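> Here is how the chains run, residue by residue.
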Amino acid sequence: MEYVDSLTGFRLDGRRPNDMRQIRGEIGVVAKADGSALFEMGNTKVIAAVYGPREVQNRSQQVNNQALVRCEYSMANFSTGDRARRPKGDRRSTEISLVIRQTMEACILTHLMPRSQIDIFVQVLQADGGTRSACINAATLALADAGIPMCDIVTSCSAGYLSSTPLLDLNYIEDSAGGPDVTVGILAKMDKVTLLQMDAKLPMDIFENVMQLAIEGCKAIAQYIRGVLLENTKQLECRRGV
Amino acid sequence: MEQRLANTWRMTNNEKKFIESVLASDLRVDGRRPFDYRDLTIKFGREQGLSEVQLGQTRVMSYVTSQLVQPYRDRPNEGTLSIFTEFSPMADPSFEAGRPGEFAVELGRVIDRGLRESSAMDMESLCVVVGKSVWSIRVDLHIVDNGGNLIDAANIAALVALLTFRRPDCTLGGDDGQELIMHDAEVREPLPLIIHHLPIAVTFAVFGEGNIMVIDPTHKEEMVMGGKMTFTMNSNGDICAVQKAGGVGVMSSIIMQCLQIASAKAADITSKIKHAVEIYNTERASQKANHYLLEVANQVSLSDVIMKEKQVENLIEHLAYMPLDELENSNQGDALAVDTRTKHESISQGRYTRAFVRGPANWDPYSRGISSRLATSFPTLPGFWCVLLGPKTFLLETEETTLLHAENSLG
Chain X
1 MEYVDSLTGF RLDGRRPNDM RQIRGEIGVV AKADGSALFE MGNTKVIAAV YGPREVQNRS
61 QQVNNQALVR CEYSMANFST GDRARRPKGD RRSTEISLVI RQTMEACILT HLMPRSQIDI
121 FVQVLQADGG TRSACINAAT LALADAGIPM CDIVTSCSAG YLSSTPLLDL NYIEDSAGGP
181 DVTVGILAKM DKVTLLQMDA KLPMDIFENV MQLAIEGCKA IAQYIRGVLL ENTKQLECRR
241 GV
Chain R
1 MEQRLANTWR MTNNEKKFIE SVLASDLRVD GRRPFDYRDL TIKFGREQGL SEVQLGQTRV
61 MSYVTSQLVQ PYRDRPNEGT LSIFTEFSPM ADPSFEAGRP GEFAVELGRV IDRGLRESSA
121 MDMESLCVVV GKSVWSIRVD LHIVDNGGNL IDAANIAALV ALLTFRRPDC TLGGDDGQEL
181 IMHDAEVREP LPLIIHHLPI AVTFAVFGEG NIMVIDPTHK EEMVMGGKMT FTMNSNGDIC
241 AVQKAGGVGV MSSIIMQCLQ IASAKAADIT SKIKHAVEIY NTERASQKAN HYLLEVANQV
301 SLSDVIMKEK QVENLIEHLA YMPLDELENS NQGDALAVDT RTKHESISQG RYTRAFVRGP
361 ANWDPYSRGI SSRLATSFPT LPGFWCVLLG PKTFLLETEE TTLLHAENSL G
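Here the protein sequences come in this chain order: X and R.
Quick note: the first sequence uses the UniProt record's numbering, first residue 1, plus one each step.
Quick note: the second sequence uses the UniProt record's numbering, first residue 1, plus one each step.
These are calculated hints, taken from the structure and not from any lab test.
A quick note: this is a predicted structure, and the numbers were derived from the prediction, not measured.
Mixed in with the good hints there might be a few duds.
For each label pair, taking beta carbons as the anchor points, the in silico distance ranges come out as [stated by the list, open to error]: (1) R:S88 - X:R54: 28 to 36 Å; (2) X:A76 - R:V144: 57 to 65 Å; (3) R:R33 - X:A220: 35 to 43 Å; (4) R:F35 - X:T233: 39 to 47 Å; (5) X:G89 - R:V29: 43 to 51 Å; (6) R:N236 - X:K189: 34 to 42 Å; (7) X:A220 - R:D169: 50 to 58 Å; (8) R:N236 - X:G9: 28 to 36 Å; (9) R:A285 - X:N43: 44 to 52 Å.
Partial selection, computed: residues in chain X whose CB lies under 10 Å from chain R [to be verified]: (10) R86; (11) G89; (12) L98; (13) V99; (14) A106; (15) L109; (16) S164; (17) V182; (18) L187; (19) V193; (20) T194; (21) Q197; (22) D199; (23) I206; (24) E208.
Here are the simulated DSSO-like cross-link-like pairs (lysine-lysine), alpha carbons at most 27 Å apart as the crow flies [claimed, not checked]: (25) X:K234 - X:K32; (26) R:K43 - R:K288; (27) X:K192 - X:K219; (28) R:K43 - R:K220; (29) R:K16 - X:K192; (30) R:K16 - R:K220; (31) R:K17 - X:K192; (32) X:K192 - R:K274; (33) R:K43 - R:K274.
All C-beta atoms, glycine included, are put in the ideal place defined by N, C-alpha and C.
Please build the complete structure, drawing on both the sequences and the hints.
See the structure below:
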């Protein structure tokens, strides 16, 4: 299958190789949660809710010098094409939960909130490739909404390599093509890579290009997320009548 | 997460500080340099497809088994590969029995991705009948001792086990040509798996602000580190999988440096694995050849000769199983009868210590029964043995050991 048109250079969904899908972030979508956000990357739609910092539910898990961060990733049954019932806690979602938790832990200033717990729940409402990245972006927005101190914002984006072209932000068809898929998460201001996952075989020099492309994507998302947060803060300011 | 934090062995702050401060000057607590790998020992089991890898203090066992199953519907002509991890509670206090925890799942997934997504194994060659039966390869990884860097050790163990694994050959036959015939290992040589390249996982630990990197972290270093990165690479310099699940941020230039180092290490480990497997294979082949020669020799000899040979073999076996005491008792009859009282005592002392050294042999009722019967039926046992056994080494050895014991207890 031709993933990049050899004549026009367009991808299957009409994007150029370096184009990202349309992204949209919305803050405050779950009323009960301390912080919540919805994040869309094209047709991928993810919702995140943050509770905390609050008292540790299970005393044996309490950490005395920092906050305990927990994360649960799940996919809605209706999120994919075939409407299959997904068993809870399968290997894939366990791994993604771990990855998201550790990524968010890297930016949360956990030492400021000892003996407390922060819960992050992310759910995929619609899956069209790049769910991992969308979840991290949504979690960042939700954490910021909850007012949890962070040293930086984490943003994530994926990139692939199909038809000898590095492609930014793969959708489901490109993702399931079996080519390399690099998911990168960066600490935007510090310009450091905190999350990096890749599979499939790729020579080292091409890997560098693909990773750089993904990092550029992350930076673009970071800019957008900053805009969303700024807008939200302005609204809050306006409501308080300052 | 669950109970882990409660049960983790906590390191003292002083120790943590020490490890960190010493790392800043490129030193490690176990005396390695930052980019030195620990010693790798690869052992094989009696059966094929069993391996035990020791990386420093970390020990991982891996066992590969196969089974005929129905293939997945979307891949009717491909075999399946599944990796199961078992974090035994004996390996680390934070491991709990029961369902695999987060880190067990992560480890399994990283190894699985390295093997599967890089198409290291030829899955189509595992197909027997399209859409009906394919071979399902199951890799069981048991962590026996957690000395840090489980991913690398487990990955090597899995590769070695897969390399030595042989599956039985099977063909289609019968009246309608649809019947599956499984060939015995004696009839047809079992087949190895087709493995194109070896994806080797190399793990780095990140310390400080993400500027100190260390390869192959130990358990202690893992307690202090801010994050880790695993690069799965093959000896051609291709990247097969990367896993850096959060943790301290790292500059992308440092990542590329690490990739270079990982690539060199991967080539090094690949050659080690190949060397070990080659030695194992040649040893096995020569064993098989010996076995075959023996079989042929038995077949050409006459029936009564075989009987005699068997008798001799049985006797040798009995001798080997028979505890030394029995032999000695019979020896005492002619050799040690004139001994003085002190010497006699010393021998009994020697026997006493020996009971501890080779305890189980004395407890084996089977060998004891037989040897006593032998001793009674052949009163002049030593001489008899000499006649029967061409090389007298065994007998000489027993006499020597008796003397040795006597001397020991005297001096």
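> Work down the list of hints and note, for each, if the structure agrees.
Quick rundown of the hints versus the structure:
no.: 1; hint: R:S88 - X:R54: 28 to 36 Å; result: holds (35 Å)
no.: 2; hint: X:A76 - R:V144: 57 to 65 Å; result: violated (40 Å)
no.: 3; hint: R:R33 - X:A220: 35 to 43 Å; result: holds (40 Å)
no.: 4; hint: R:F35 - X:T233: 39 to 47 Å; result: holds (46 Å)
no.: 5; hint: X:G89 - R:V29: 43 to 51 Å; result: violated (37 Å)
no.: 6; hint: R:N236 - X:K189: 34 to 42 Å; result: holds (37 Å)
no.: 7; hint: X:A220 - R:D169: 50 to 58 Å; result: holds (55 Å)
no.: 8; hint: R:N236 - X:G9: 28 to 36 Å; result: holds (30 Å)
no.: 9; hint: R:A285 - X:N43: 44 to 52 Å; result: violated (57 Å)
no.: 10; hint: R86; result: violated (16 Å)
no.: 11; hint: G89; result: holds (8 Å)
no.: 12; hint: L98; result: holds (5 Å)
no.: 13; hint: V99; result: holds (4 Å)
no.: 14; hint: A106; result: holds (5 Å)
no.: 15; hint: L109; result: violated (14 Å)
no.: 16; hint: S164; result: violated (15 Å)
no.: 17; hint: V182; result: holds (8 Å)
no.: 18; hint: L187; result: holds (4 Å)
no.: 19; hint: V193; result: holds (5 Å)
no.: 20; hint: T194; result: holds (4 Å)
no.: 21; hint: Q197; result: holds (6 Å)
no.: 22; hint: D199; result: holds (4 Å)
no.: 23; hint: I206; result: holds (9 Å)
no.: 24; hint: E208; result: holds (6 Å)
no.: 25; hint: X:K234 - X:K32; result: holds (22 Å)
no.: 26; hint: R:K43 - R:K288; result: holds (19 Å)
no.: 27; hint: X:K192 - X:K219; result: holds (11 Å)
no.: 28; hint: R:K43 - R:K220; result: holds (25 Å)
no.: 29; hint: R:K16 - X:K192; result: holds (24 Å)
no.: 30; hint: R:K16 - R:K220; result: holds (9 Å)
no.: 31; hint: R:K17 - X:K192; result: holds (24 Å)
no.: 32; hint: X:K192 - R:K274; result: violated (37 Å)
no.: 33; hint: R:K43 - R:K274; result: holds (13 Å)
Of the numbered hints listed earlier, those contradicted by the structure are 2, 5, 9, 10, 15, 16, 32.
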